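Now for the letters of each chain:
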Amino acid sequence: DQQVKQNSPSLRVQEGRISILNCDYTNSMFDYFLWYKKYPAEGPTFLISISSIKDKNEDGRFTVFLNKSAKHLSLHIVPSQPGDSAVYFCAALWWNFNKFYFGSGTKLNVKP
Amino acid sequence: GAGVSQSPRYKVAKRGQDVALRCDPISGHVSLFWYQQALGQGPEFLTYFQNEAQLDKSGLPSDRFFAERPEGSVSTLKIQRTQQEDSAVYLCASSRQATGETQYFGPGTRLLVL
Chain A
8 DQQVKQNSPS LRVQEGRISI LNCDYTNSMF DYFLWYKKYP AEGPTFLISI SSIKDKNEDG
68 RFTVFLNKSA KHLSLHIVPS QPGDSAVYFC AALWWNFNKF YFGSGTKLNV KP
Chain B
1197 GAGVSQSPRY KVAKRGQDVA LRCDPISGHV SLFWYQQALG QGPEFLTYFQ NEAQLDKSGL
1257 PSDRFFAERP EGSVSTLKIQ RTQQEDSAVY LCASSRQATG ETQYFGPGTR LLVL
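Order-wise, the sequence lines are chains A and B.
Mapped onto my numbering, the consecutive letters of the first sequence carry residue numbers 8 to 119.
Mapped onto my numbering, the consecutive letters of the second sequence carry residue numbers 1197 to 1310.
Simulated from the structure, these hints should not be mistaken for laboratory data.
Nothing here was measured: the structure is a model prediction, and the numbers come from that model.
Fair warning: there could be bad hints in the mix.
[Unchecked claim] Straight-line distance between alpha carbons at most 25 Å, and here's what the computed SDA-like set of lysine to any residue pairs gives:
#1 B/LYS1253 <-> B/GLY1224
#2 A/LYS44 <-> B/GLY1212
#3 A/LYS78 <-> B/GLY1236
So here's chain B without its partners, still in its complex pose:
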């Protein structure tokens, strides 16, 4: 596809439910990033993949958050036992090379935990 796509676009979950958010990066892009954006704030880094390797997961807020990119293309961000404070927009971005490149963002998944 032409850009980064994410699904679902909207997700409502009951507290305690597990959710999985999908990201399809731009074809051929080496790097993939996940961000969390709270209302009225800028995106905050969660984790970074270079191909299938997760090189940085320092931004994941707790061990309930898990991300994978097993074949170096599509990535899934999983949140277990969701809490209300997990409500946010989750953005995925990809970049062509390994470091220092402009990142191209998907439309985001808006997660609401009730």
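Chain A on its own, in the form it takes in the complex:
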């Protein structure tokens, strides 16, 4: 039973436009969320995180939004660049158990 879901396996966006990647979770005990970016043949690299006490966190072109009532988070990339093309994983942490649950990933393709 997947506790973190990314329902869009792929997303294609034009360079300069906004990329919106979505993630849903089922466990209301999750209290920390992260987005990782993964290039082929490399391990995931940390991108941005958000604590459950916040609803928004911004870092340059990347913004993560958290809607706890809907158990939904999203990553916005503005403006999108070709170098952003990668697989993006969302992950959720239940602090007490120190175990991360990952979604299945969304492959973003930013076209020049």
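Given chain A, work out where chain B should sit, using these hints.
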């Protein structure tokens, strides 16, 4: 080193063979995690160490899987009598503190069992 390293990067094993996968975490990181990532899926938790103590091994799929971190730094994931369903990328991650910290991943070991 600057990041988490794993070796080998690729491993081909015959079914029934034992394999050992190594992880060198970031120096000084307390926590170390192993994940299994099947094709087209996200990483799935296998086990977690805090220093040399294995605090959670609930994700290990069978008793053929064994992990250790005897001195609280390098860790080895061992798979005995490999099966085809063990084919996956095995990722190691480390984090600076004991709980709730961002995890930094190694490049993974891609295991193919024939």
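Going down the list of hints, with the structure as the test:
1. B/LYS1253 <-> B/GLY1224: holds (22 Å)
2. A/LYS44 <-> B/GLY1212: violated (34 Å)
3. A/LYS78 <-> B/GLY1236: It holds: about 23 Å lies between the C-alpha atoms, which stays within 25 Å.
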